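S.K.: Sequence:
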Amino acid sequence: MTTGRNALYPEWSPDGRWIAYSAVTRAGNGRTASIWIVHPDGTGATRLNHPEDGAYDFAGPYNPGTGRIAFTRCARPQLLRNGMEPDTCGVWTMNPDASDQRPLASESEQPAWSPNGRHIVFASARDHAARIRVGADEQSWIRQVYVMDADGSNQRRLVAADSNDGWPDWAPGGTVIAYETTAGDFSVPATVAVINADGTCRRIVSPRLTGRFDAGYHTPAWRPGGVAARLTC
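In the working numbering, the protein residues as written are 93 to 325.
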């Protein structure tokens with residue numbers, strides 16, 4: 093379908109005719125990432141947007157009803173005086189032809205639509221709740237899971253925790269959200285948590301890994317079809 097190793101984050105269109113993805117290319121003295129679409133048979137590859145040099149657009153899912161694409165747009169960060177790296181990413185939406193691009197949430201990324209297309213769940217470091225204390229990201233703040241309406245209004249954090257949370261995914265039925273969670277000091281491998289869409293009844297569902305720090309459970313996704321029942325506390 094694509095060649096090389098520069099294709100990231102594929103997402104099916106609701107009608108199954110297209111796959112959106114990001115392609116990383118050289119631009120000036122650096123790199124950039126833009127969003128493309130292609131037919132499942134590899135034909136019709138079309139570039140949707142042209143971010144500035146040093147900027148990255150990462151493809152996200154299509155709205156199941158309207159077809160709008162939610163995506164992450166990031167600029168190249170510059171370290172702050174306190175040594176922290178600001179989160180230059182934001183959640184945007186656009187039409188399938190790249191028109192009507194709208195910024196919805198700053199310091200945010202990894203959007204996913206609710207099954208009815210009325211809400212978006214995403215990860216954000218905006219609260220600066222705690223600092224990642226180990227590894228290549230130790231100049232960054234931990235991320236937490238948020239929900240907002242499709243137009244960017246009513247943004248709210250689902251749960252306050254000292255863990256680094258991300259890659260949320262809405263369950264069929266719309267009552268439960270799964271996401272990846274890791275201790276801020278990375279003292280245990282990544283696990284998968286689930287929570288009700290109203291922020292209640294959070295729990296870990298992946299088996300615990302002991303004695304392994306090179307493995308974990310990442311980027312959860314739900315099986316199509318069926319409905320996940322609301323969690324009981």
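Keep in mind that the hints were calculated from the coordinates and are not lab data. Keep in mind the model is a prediction, meaning the values are calculated, not measured. All residues carry an ideal CB built from backbone N, CA and C; glycine is no exception. Errors might be hidden in some of the hints.
[As the list claims (entries may be wrong)] Here are the simulated distance ranges between beta carbons: (1) Leu301 - Asn187: 40 to 46 Å; (2) Asp254 - Gly122: 30 to 36 Å; (3) Asp254 - Pro178: 19 to 25 Å; (4) Thr135 - Asp290: 41 to 47 Å; (5) Gly265 - Arg300: 25 to 31 Å; (6) Arg118 - Gly265: 17 to 23 Å; (7) Asn187 - His220: 29 to 35 Å.
S.K.: Go through the numbered hints given earlier and state which of them the structure violates, listing their numbers in rising order.
M.R.: Number 6 only.
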